[in-house]
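J.: Listed below, chain by chain, are the residues.
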Amino acid sequence: MKATTLAMALMVGDPHSDRVVPPTGFTAQLTSFTSAAMAFLACFALALSVSSGRLADRWAQELSQSLTIRISAPGDQLAVQTQAALAVLETTPGIEEARPLDADEQRALLAPWFGQSLPIEELPVPQLIDVIEASDADLDVDGLRLRLQAEAPGAVIDDHSRWRRPLVQAAQRLRGLSALSLILITGAMAAMVTLAAHAALSANRSVIEVLRQVGARDDYIAKAFVRRFTLRALGGAAVGTIAGMIAVALMPSSEATAGFLTDLGFRGLGWLLPATIPILAGIVAFAATRFAALRTLRTMA
Amino acid sequence: MKATTLAMALMVGDPHSDRVVPPTGFTAQLTSFTSAAMAFLACFALALSVSSGRLADRWAQELSQSLTIRISAPGDQLAVQTQAALAVLETTPGIEEARPLDADEQRALLAPWFGQSLPIEELPVPQLIDVIEASDADLDVDGLRLRLQAEAPGAVIDDHSRWRRPLVQAAQRLRGLSALSLILITGAMAAMVTLAAHAALSANRSVIEVLRQVGARDDYIAKAFVRRFTLRALGGAAVGTIAGMIAVALMPSSEATAGFLTDLGFRGLGWLLPATIPILAGIVAFAATRFAALRTLRTMA
Amino acid sequence: MIELDKVAYSYGGGELLSDISLTVQPGSFHFLTGPSGAGKTTFLKLMYGDLLATAGQVRLSGVDTRTMSRDQIALARRKIGVVPQNSQFLDHLSVADNVALPLQVAGRDATEAQADLEQLLSWVGLSSHRDAFPPELSGGERQRVALARAVMMSPDVILADEPTGNIDWEMSQRILKLLVELNKMGKTVMIATHDLTMIRASKAQVQARVLRIANRRLQLAGADL
Amino acid sequence: MIELDKVAYSYGGGELLSDISLTVQPGSFHFLTGPSGAGKTTFLKLMYGDLLATAGQVRLSGVDTRTMSRDQIALARRKIGVVPQNSQFLDHLSVADNVALPLQVAGRDATEAQADLEQLLSWVGLSSHRDAFPPELSGGERQRVALARAVMMSPDVILADEPTGNIDWEMSQRILKLLVELNKMGKTVMIATHDLTMIRASKAQVQARVLRIANRRLQLAGADL
Ligand SMILES: Nc1ncnc2c1ncn2[C@@H]1O[C@H](COP(=O)(O)OP(=O)(O)OP(=O)(O)O)[C@@H](O)[C@H]1O
Ligand SMILES: Nc1ncnc2c1ncn2[C@@H]1O[C@H](COP(=O)(O)OP(=O)(O)OP(=O)(O)O)[C@@H](O)[C@H]1O
Ligand SMILES: [Mg+2]
Ligand SMILES: [Mg+2]
Chain A
147 MKATTLAMAL
157 MVGDPHSDRV
167 VPPTGFTAQL
177 TSFTSAAMAF
187 LACFALALSV
197 SSGRLADRWA
207 QELSQSLTIR
217 ISAPGDQLAV
227 QTQAALAVLE
237 TTPGIEEARP
247 LDADEQRALL
257 APWFGQSLPI
267 EELPVPQLID
277 VIEASDADLD
287 VDGLRLRLQA
297 EAPGAVIDDH
307 SRWRRPLVQA
317 AQRLRGLSAL
327 SLILITGAMA
337 AMVTLAAHAA
347 LSANRSVIEV
357 LRQVGARDDY
367 IAKAFVRRFT
377 LRALGGAAVG
387 TIAGMIAVAL
397 MPSSEATAGF
407 LTDLGFRGLG
417 WLLPATIPIL
427 AGIVAFAATR
437 FAALRTLRTM
447 A
Chain B
147 MKATTLAMAL
157 MVGDPHSDRV
167 VPPTGFTAQL
177 TSFTSAAMAF
187 LACFALALSV
197 SSGRLADRWA
207 QELSQSLTIR
217 ISAPGDQLAV
227 QTQAALAVLE
237 TTPGIEEARP
247 LDADEQRALL
257 APWFGQSLPI
267 EELPVPQLID
277 VIEASDADLD
287 VDGLRLRLQA
297 EAPGAVIDDH
307 SRWRRPLVQA
317 AQRLRGLSAL
327 SLILITGAMA
337 AMVTLAAHAA
347 LSANRSVIEV
357 LRQVGARDDY
367 IAKAFVRRFT
377 LRALGGAAVG
387 TIAGMIAVAL
397 MPSSEATAGF
407 LTDLGFRGLG
417 WLLPATIPIL
427 AGIVAFAATR
437 FAALRTLRTM
447 A
Chain C
-8 MIELDKVAYS
2 YGGGELLSDI
12 SLTVQPGSFH
22 FLTGPSGAGK
32 TTFLKLMYGD
42 LLATAGQVRL
52 SGVDTRTMSR
62 DQIALARRKI
72 GVVPQNSQFL
82 DHLSVADNVA
92 LPLQVAGRDA
102 TEAQADLEQL
112 LSWVGLSSHR
122 DAFPPELSGG
132 ERQRVALARA
142 VMMSPDVILA
152 DEPTGNIDWE
162 MSQRILKLLV
172 ELNKMGKTVM
182 IATHDLTMIR
192 ASKAQVQARV
202 LRIANRRLQL
212 AGADL
Chain D
-8 MIELDKVAYS
2 YGGGELLSDI
12 SLTVQPGSFH
22 FLTGPSGAGK
32 TTFLKLMYGD
42 LLATAGQVRL
52 SGVDTRTMSR
62 DQIALARRKI
72 GVVPQNSQFL
82 DHLSVADNVA
92 LPLQVAGRDA
102 TEAQADLEQL
112 LSWVGLSSHR
122 DAFPPELSGG
132 ERQRVALARA
142 VMMSPDVILA
152 DEPTGNIDWE
162 MSQRILKLLV
172 ELNKMGKTVM
182 IATHDLTMIR
192 ASKAQVQARV
202 LRIANRRLQL
212 AGADL
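Residue numbers (this note's numbering), protein chains in the order written: chain A, 147 to 447; chain B, 147 to 447; chain C, -8 to 216; chain D, -8 to 216.
Source of the hints: derived by calculation from the structure; they are not laboratory data. The C-beta atom is built at its ideal place from N, Cα and C for all residues, glycine as well. Hints are not guaranteed to be accurate.
So these bits of chain B aren't anywhere near chain A, every CB distance computed over 10 Å [said to hold, decoys possible]:
no.	residue
1	G171
2	A183
3	A233
4	R253
5	L323
6	T445
Label pairs and their computed distance ranges (CB to CB) [claimed, not checked]:
no.	chain 1	residue 1	chain 2	residue 2	range
7	C	Y2	D	S52	44 to 52 Å
8	C	K(-3)	D	S119	42 to 50 Å
9	B	V226	A	R245	36 to 44 Å
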């Protein structure tokens, strides 16, 4: 409640209480610079987090959630083993559909190798079964392989899309890492602004004593410092964020080899995301300085 | 020369000049904390850089540096187009060797599909050419494709190993990014320590005046501050680095899905790498504080 | 009215001031003397709530300072002009702004009081220094700025701690005259000083009580000066 | 020996001090008076190289302060004990450590001088405050600690700026006596003060010259005191 009122007064400004705090000083510069540097780093971490998140999503979608089972067996065995394999697949959890391909489909698959005119019926072509995984369950491929070996010894699982799975995990991990560093950066900034505010307050001990002596209330004194520091942090973070956004935008993005981190950055409305950084910095600075100021003023009774 | 002597004096310690600087203060805490936080972030960035570098190298090795060309053509055309393709390949820069596969090799390749008994001579099986790239040159695959189209219209390049190339690039890019943030973090730390030193010096203006008055030389005063700050930065960075190394070591590494960032961290002697962080921080703090101190002392003449 | 009722004060060691009772009537004029380290500054700080009595009561307008909130003490101070022994200023503001600071802190418009400000500065002989900054002042000039600042709000009470410690005889007389004049306008004045010649000089101008702190107690001096 | 040769000083505005020549002989005793803001403190600062003359020469042992390096000035100061008007201390060190600070800065062993230290503290009446910290001192106590610090190194010259501004009469006499005694040991003493009663009291004890700064010039006063 009180904090809200203060935050409002902050925006409106109070030229009176403003002037009583010395205008410059290295702690002030330190606050601005720290906010700027941390905002810059935060911008990078955010971009990395967003990009790797986007990548993880895209790759996850591209995981075709399917595999192929190839059954090679002497002519008479082929149909029997196919039926056995289908029976096994039917009782395997995590499988939505298992469907043997017909001759035309198999021919289409082999066309690039042998042309359209392949007499597929006359050749010992293996039977293919297209398996679609359930999207919500996790298929135990190794278990399936063992069971198939028992029931249909000619069956081979072609796990062609699986190689991408660790990449998705990696991208998700990268997103987690960047989010973690985002939190670390924010925390570090909060601590630094708090310490800088403390340092400024103790460097300005005589200013506080003078103000006390002429009848200034704690709130008046705190407000002057808080406003100064919040604006510094806000300004610094804004500059740092803009610099960070420019740096991210300037990252060479080689569309030719379109791939992984080559599209590091924000997209569309995503560019609004970093705008939260200075706002967050301002809020953190406001809370940190106010806490520091009121605490210092109480101990300086 | 002088700086070296000073750096040595720093290590040996001078309890005399030490006591004249007030022992605590928020700027001191700020310096320690900033160094610690930045060292922690630097440790992460370093780990990411090392891991992605290692990954890029591994993947680059795994790139088999080879591709296959498949020529499908009516029986009589096949040999002609194969010769044409080989001629093209011979004049293409970046190719070390191009060799058509013989019947046995082709049969072995097709075995999983059709079994060993395939009458390969009777089927319209395409001719395969195995191409080995030169390791030092970069092959222009698109250019090669165009030229082959003109000379041997039935030729198709099977670029099977190429999908990994963008991943290698991505890993290299990630290494570059982490190295960049490492530089940014170091720069930010240097600036923060310099500003904190400036802030401490101007907060201790009266201390400096007193020391001046009783006949202290600039060097004596500077040394006291420099030592204080260098040790703070060194200590803070050491704590931050150790915390960062622990955090990196604790990162869950799922060997099962062994892959990309799942082995984030250092290996073997690589664990010595982060030890450079506090040393670097100490050197930066030493230089920054000494610069700040002597400058401030000169302006306070 | 400021009342001290069996007040004692200790900084942690033994008692510095013991069992001190005094009623400072509005419009009265007091000198406070005593050897260096006797507790004069401490006594004045008790009177404006900068220190709180460790025993007994200090009452400002009837309210015990120990029961006052921090805001209440701040408000009470706006009616008490203090000239500290070691005066401090806002070094980034001009002399004129420093003198006007109490008005600004109280949220009042300093431009209204412009005439008062100029008159006050001329009285303490600092008209030519109105735009100087405090670090550029001499020791005596600082004391005079502090006096002007204390008087600026037209407070009911003026507490001055060694206001002429660094000031030459002629200027001291001017300042004494200013304080006497303010006293004649009804303001309460208390001056801590070790300058006995100043106390003697005041006798012709004002009916002053001379208090003396010695051996932790407050005594009435006067006849022996 | 300190020589001033047609010295002038200006803070940037008009000249504050003009055409001042003076030779301070070793072992001499000077008082420096003048109205507040006349330039007494400025004059003393010129004498120990804290300010550099804007015209003319100030020579310490024959060397112009303007040609001295910063290190040379620092070394010269070790032979000049200064009691500033507004004395400052290292607030985190005890009174005893502050008094011993000049020794420490000069790299000398303070334990050797332990006896001197205790004697000095007892002379200025602060033996009981030897372990106190400067912010806990009264105004007069601070001035006495500053005096003890200035004297500690046994300097050739003692420059004291209003050393008794906040000190009662009895203690002032003690301090004057200390300075006279040091002067008898051959040390040069210069005291800036506005306290004419102190100057008068000194006449019985020492042959002192009284200088007066007025209208930018240095005059010899004396007969009229
Ligand atoms: N903050 C403090 N902590 C501990 N002791 C203190 C503190 N402030 C003052 N004292 C002690 O209390 C005593 C009285 O101090 P005070 O400043 O009231 O003296 P004073 O009468 O004003 O002296 P002076 O004439 O020298 O200014 C002194 O001995 C001083 O050392
Ligand atoms: N740093 C400065 N910048 C500008 N002017 C200054 C500076 N220091 C002093 N002055 C001015 O120079 C004049 C002389 O100052 P100084 O301190 O020498 O006087 P003083 O004789 O010691 O006076 P007092 O008896 O009041 O201490 C004053 O008017 C003062 O305002
Ligand atoms: Mg006092
Ligand atoms: Mg002076």
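J.: Now tell me if each hint is right for this structure.
T.: Tested hints:
no., hint, verdict
1, G171, "violated, 7 Å"
2, A183, "violated, 4 Å"
3, A233, "holds, 24 Å"
4, R253, "holds, 13 Å"
5, L323, "violated, 7 Å"
6, T445, "holds, 13 Å"
7, Y2/C x S52/D: 44 to 52 Å, "holds, 45 Å"
8, K(-3)/C x S119/D: 42 to 50 Å, "violated, 27 Å"
9, V226/B x R245/A: 36 to 44 Å, "holds, 42 Å"
Violation of the numbered hints given earlier is confined to hints 1, 2, 5 and 8; the remaining hints are satisfied by the structure.
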